[in-house]
Every structure is written in structure tokens, then in C-alpha cells.
Amino acid sequence: MTALPAPLRQHGPGERLRGAEIDALAARAREGDRDAFEQLVVATTASCYQLAYRLVGNEHDARDVVQETYLRAYRGLKRFRGEAAVTTWLHRITVNTAARALERRSRSATATLDDDIELVEMRPDRLPEPAASAADDRSRLVAALGELPDGLRLVVVLRDVYDLPHRDIARELGISQSAAKVRLHRARRLLRERIFPARRAHAQATTGIPADEAG
Amino acid sequence: MAVASSRRAHLGRLVHPFRRVDHPTCEEVRHLLPEILDGGELPSGDLVGHVERCLVCQAELARYRRLMRLLHQVRTVEVAVPAGIVGDVLSSIERAASRRAIRSVLSGRRLAYASAVLGAAGAATALALLTLGRTRDDRSRLSEGELSL
Ligand SMILES: [Zn+2]
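So the protein lines, in turn, are chains A and B.
The numbering of the first sequence is the numbering used here, which starts it at 1 and goes up by one.
The numbering of the second sequence is the numbering used here, which starts it at 216 and goes up by one.
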């Protein structure tokens, strides 16, 4: 994969020049340079799309999120002061836009993000059989992330995939830090159950005591 | 013992705000494990002691650690960026920019018209126009335009 700017983080050493160039484009765009804004879009769309896709879990919604993100960025560019890298700013807008899109999606399905979290359905049959290779495990995990309730997926992707601190997650999603943690722990439990189905895993790890009876 | 009870209190506060876990069962440990994977302070005392003695919970902890490693690797799983997405973004910005330009031209004309009217009329007429304007939609938009300049 090419060295795209790392979302939600300062640029790594190999990406510093690229990041500085992107920040320079943002500065020109802020002065009203339309070409610079277009180049900024070209340079950053892939990383915004990938983040959006991982948050919302499908191409259709991810495309909408990216379009709305750049519209908001275009309108808000004059207010961007350059304290953070412009990619960090764009990714924050992406997270916020994705959260709002998921909220709308769950409202139209007559449930809120939180209700959705309570109604977790276990569908291990929809995942492939457990496999030994790391690549297979990663694919199974990506599938399992896609099946998580939206409110849980948002938090676990931001925390465990993108390393965003709890404080920032809570702020971007407009929830308390403790609520964010509760969602994170639920998400991890569900993913663990889906990636390593309990009975089989325990049977391997113990001397034959079924997991549900142990302790 | 003072030390033990403070360790337990610490454990209770850290991993579960509402319930102290003095002698956790495997079930309780399994429930608490996802909360101690953040790389922060590890809970001390009974939980760690249990895991050290219990093969079932050690295996469970190993599974969670593997899950965390896999989650960190998700960013290396390629997400195909759909063709044409940059074009779509640029077109939608183009449309928004045109709408904004049209609005700005229109509000400029309204302002020019308003200043002409205000300039030609006396102060009393201007006051009357502004008062009337508050009762009409188009006039109230005009005064918003003036305020935003
Ligand atoms: Zn145990």
C-alpha cells in the first residue's frame, strides 16, 4: 500500500514531506485557491474513504460520508486554523460525518445507535470457519467488524484500529468517556466470540472442561 | 489487612466501578478481560492471581491479545477505493461553489438595490422601509444579508 497520511495521527517520518505538502495545499486553498483545494481532495480522498468505509461498513454509505465530509471541509476551510495537520482535521470531519450518517440510518430503522447495541444478534453461521492463518483471521475479523452494531463498530475501529484516545472518541461521537468504554468492551467481547467461538476454543485450551461450566 | 483491602478497592475501581471482585470466578474474569487490554495500568490482586493459576483464563487472555493484534492489523487490509470517487467529490463541491456564487451575486444585487433606495430616500423613509421589512420574508432576508457583512 502506498504511504497515505496516517489518519488521526501525526504523519510518520516517511510521510512528513507529503504531509507538509498537503498542509501547504490547505493553506493556499484557504486563501481561495480552487486548484489547491482540488489537489487537496485528490491527495486525501483515499485515506478519508478508507476510514469512512471502516466506520460505516459499506461502500454506498462510505461514498456519501466522503462527499459530505469534503463539502463540510470546503465550507469550513476558512475556520481551519492549521493547529493540527489538515489530514487530521479531515479525518475528524469524516468521523463526525460517519457518526451522524449512522445515527440517521438507525433512526430510519426506528432504533437509535444505543438501542441497536442492546439488540446484538449472534450470527456465527455467517462467518467462515475458524482458520489458522493470520490473513484468514484478519479477513474474518473484517467481516465480523462489518456485522457489529454501528455504535460498537465506530468505537472499536477508532480505538483499536486507529489508536484514537478515549477522550477524543468521546468528543467526536458526542458521548461520555465511560459510555465510549462500555461500547468498546462490548465490541471486544462480541468480536472475540465471533473470531474464536467459545466451545471449540475452550475445548482446545483446557483438559476438557466445557467453558460454561468452568469456574 | 489494609494493603490487601486497598488493592481490592483499587481493582474494583479500575476494572468495574460498581462491583468489587474479591475472588473472581472464570466467568467474572472472562467478563473483565476486555477492560484491561488498553495498555494502561493492570489491575492487581485477585484477578491477576486467578489468571496466573487458571489455564482456562490464560487461554482466554491469549485469545484477547490475539484479537488486539488482529485489530491493529486491520489497517493493512486493503480497502479498494471506488473509481470515480474523486470526480464525484469535486463535482459536488463545484455545485456547492456555484450555488454559493449565485447566492453571493444575488445578495450583492439586493444590497446594491437596497443602498440605492436608502440613498435616494430620506432618513424617515429608510426607517419606514426597515420597519416594513421586518414583516416581509424577502426584506428580512435582506436585513440578514446586511448583518452578515
Ligand atoms: Zn479462570
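Bear in mind the hints are in silico, worked out from the structure with no lab data behind them.
As the structure is a prediction and not an experimental result, all values here were calculated from the model.
Please note that the accuracy of each hint is not assured.
Below, computed lysine to aspartate or glutamate pairings styled on EDC-like, alpha-carbon distance capped at 16 angstroms [unchecked claim]:
1) A:Lys78 - A:Asp61
2) A:Lys78 - A:Glu31
3) A:Lys78 - A:Asp137
4) A:Lys78 - A:Asp23
5) A:Lys181 - B:Glu309
6) A:Lys181 - B:Glu267
Quick rundown of the hints versus the structure:
no.	hint	result
1	A:Lys78 - A:Asp61	violated, 27 angstroms
2	A:Lys78 - A:Glu31	holds, 8 angstroms
3	A:Lys78 - A:Asp137	violated, 44 angstroms
4	A:Lys78 - A:Asp23	holds, 14 angstroms
5	A:Lys181 - B:Glu309	violated, 40 angstroms
6	A:Lys181 - B:Glu267	violated, 26 angstroms
Violation of the numbered hints given earlier is confined to hints 1, 3, 5 and 6; the remaining hints are satisfied by the structure.
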